[in-house]
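Enquirer: If you're matching positions, the sequence shown starts at 67 in my numbering and goes up one per residue.
Quick caveat, the hints were computed from the structure, so don't treat them as lab data. Glycine included, C-beta positions come from ideal geometry on N, C-alpha and C. Mixed in with the good hints, there may be bad ones.
Claimed, not checked - Pairs of lysine to any residue residues, derived as SDA-like cross-links and limited to a Cα-Cα distance of at most 25 Å, are as follows: (1) 135 / 108; (2) 161 / 88; (3) 119 / 142; (4) 69 / 177; (5) 81 / 188; (6) 161 / 182; (7) 69 / 261; (8) 296 / 236; (9) 293 / 228; (10) 135 / 85.
Claimed, not checked - The following label-pair restraints were derived from C-beta to C-beta distances: (11) 122 / 350: 23 to 31 Å; (12) 67 / 109: 31 to 39 Å; (13) 118 / 298: 38 to 46 Å; (14) 119 / 195: 16 to 24 Å; (15) 346 / 171: 39 to 47 Å; (16) 171 / 122: 14 to 22 Å; (17) 192 / 289: 31 to 39 Å.
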Amino acid sequence: MPKVSVIMSVYNCEKYVACAMDSILSQSYSDFEFIVINDGSTDNTSSIVLSYKDKRIIYHEQDNIGLTKSLNKGIKMSNGEYIARIDADDYSMPKRLEKQVMYLDNNKEVALLGTSYCMYNVKSGWLEYISHTMTHDQIKKYMVIRGTPFRHSSVMFRRSVVNEIGPYNEKCMQAQDYEYWLRIANSYNVAIMSEYLCISRRNISDSIVAKRSQFKHAKITYEYKMKAMKLYGYSVRDHFMVYIYTALNLIPQKIIPETILYFFRRIFDKRRFVNKNNVNNDIKQAVEIITKY
């Protein structure tokens with residue numbers, strides 16, 4: 067039985083899926099199975115995935131049922147003690163699995179583990195360094211007021227969580243990860259590593275984020291926050307902050323210049339913006355790899 071099950075659902079991502087798969091298959095840690103769910107792709111995704119002959123890959127092809135149900139399908143197929151996620155347009159740093167397994171092995175009280183991550187802007191070439199290293203209670207409060215500090219492609223969680231509170235909520239067609247993390251954090255300790263072990267692309271037209279409705283997503287996350295507020299017992303002041311951040315999320319980002327968005331992200335999220343040519347060697351090599359796809 068593998069120690070880790072890596073789950074990836076993919077839908078029409080022929081441009082980037084090989085990059086995501088290569089980043090997992092070249093991990094320094096090798097005791098894993100890689101479950102790839104092709105959720106009814108109509109492009110060349112199937113032929114790209116099937117071109118890989120690695121025995122650790124478990125491939126399943128199906129009619130399109132959406133991300134949430136596909137992830138739960140992958141969880142049902144999995145055997146690992148730990149479950150890791152990656153999206154088909156993201157990249158995992160070479161030692162991601164090794165470092166997360168070591169952390170969970172040494173911190174039995176932590177059930178959900180994320181990492182710091184970078185957002186690579188494919189248009190400008192700039193990198194956003196995003197780190198939400200906080201205590202468990204700080205992460206809970208951040209999730210309720212601001213949103214999720216976890217990048218979906220950076221998480222690893224224990225199978226025991228699924229056994230005890232269930233998998234992703236299939237009623238959630240959007241922000242299913244956020245709703246799941248809120249439930250997990252209510253019952254278990256959660257943590258985020260300071261190391262940057264995941265890179266995601268920003269400003270790609272065929273990403274899940276680009277296709278979803280900003281207003282619908284803000285409405286759904288607001289509903290999740292209100293439920294969590296009652297569950298966690300936060301104050302009236304915290305309710306006010308939720309309203310503020312929800313209102314900010316409703317501002318159409320397409321009409322805001324990138325420079326202004328960068329300013330607000332730097333101030334409110336304490337993000338660092340670095341040109342891809344001025345980053346450390348590990349991140350620089352990773353960016354060089356992902357720009358080839």
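Enquirer: Any hints from earlier that this structure breaks? Give me their numbers in increasing order, please.
Expert: 14 and 15
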